[in-house]
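**Student:** The residues making up each chain are set out below.
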Amino acid sequence: DAKTTQPNSMESNEEEPVHLPCNHSTISGTDYIHWYRQLPSQGPEYVIHGLTSNVNNRMASLAIAEDRKSSTLILHRATLRDAAVYYCILMTSGAGSYQLTFGKGTKLSVIP
Amino acid sequence: DAMVIQNPRYQVTQFGKPVTLSCSQTLNHNVMYWYQQKSSQAPKLLFHYYDKDFNNEADTPDNFQSRRPNTSFCFLDIRSPGLGDAAMYLCATSLGLAGVADTQYFGPGTRLTVL
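Quick note, the sequences are listed as chains A and B, same order.
Heads up, the first sequence is in the numbering used here, so the first residue is 10 and it goes up one at a time.
Heads up, the second sequence is in the numbering used here, so the first residue is 71 and it goes up one at a time.
No lab work stands behind these hints: they were computed from the structure.
Hints are supplied without guarantee of correctness; some may be wrong.
Listed next, the in silico DSS-like pairs over lysine-lysine satisfying Cα-Cα at most 25 Å (straight line) [unchecked claim]: (1) A:K78 - A:K113; (2) A:K113 - A:K12; (3) A:K12 - B:K108; (4) B:K108 - A:K113; (5) A:K12 - A:K116; (6) B:K114 - A:K116; (7) A:K113 - B:K114; (8) B:K114 - A:K12; (9) A:K12 - A:K78; (10) A:K116 - B:K108.
Since the structure is predicted, the reported quantities are computational estimates derived from the model, not experimental observations.
Input sequences plus hints: build the corresponding full structure.
**Tutor:** See below:
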């Protein structure tokens, strides 16, 4: 079962920042927060992940709440190419397997 | 530069006719995964291999099987495809050494049509 809650859809204007929220109130201390995105007709693509501290990479930033019950993926300047479904996923260890359980995700539309 | 390759990209089969989808990787990763993604739904994990160890998800139908003859290749066999098996099948890999911080790399998928 997916343990994250995301809005079904969001819109952004091109070249503006986008903040994609994710709630994960049942997160445990060892769960990592991963974000993947899926562009139309493509396989999912890794975006970013983190545990407690905020993280930055060339694609995005991840802001994690102090209590870790929520996080926000930040795209600093949305482009048309960022239009995709964004999945927030908790990675939980158990029995040696590390599974991505995808929820419904947030469909991001970027308006030119 | 292709890292996870899936062939073919589109596959058409007939109801009940066995079909095999293939995946290869150039990343030398330990773990290979197969996901099923039906139209307008999220990907769902079917099974994965950690090296030669096979891990089946509890709700994966027996109709779906997998083989991993070597590190680079992994196959998804559907023994008797039904109309409900029409979907995008995604292969992914991960290094498998970072535990819950492991990152998965996905192929472009094979879209299966069952007539």
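**Student:** Give me the numbers of the hints this structure contradicts, sorted from smallest to largest.
**Tutor:** Per hint list: zero violations.
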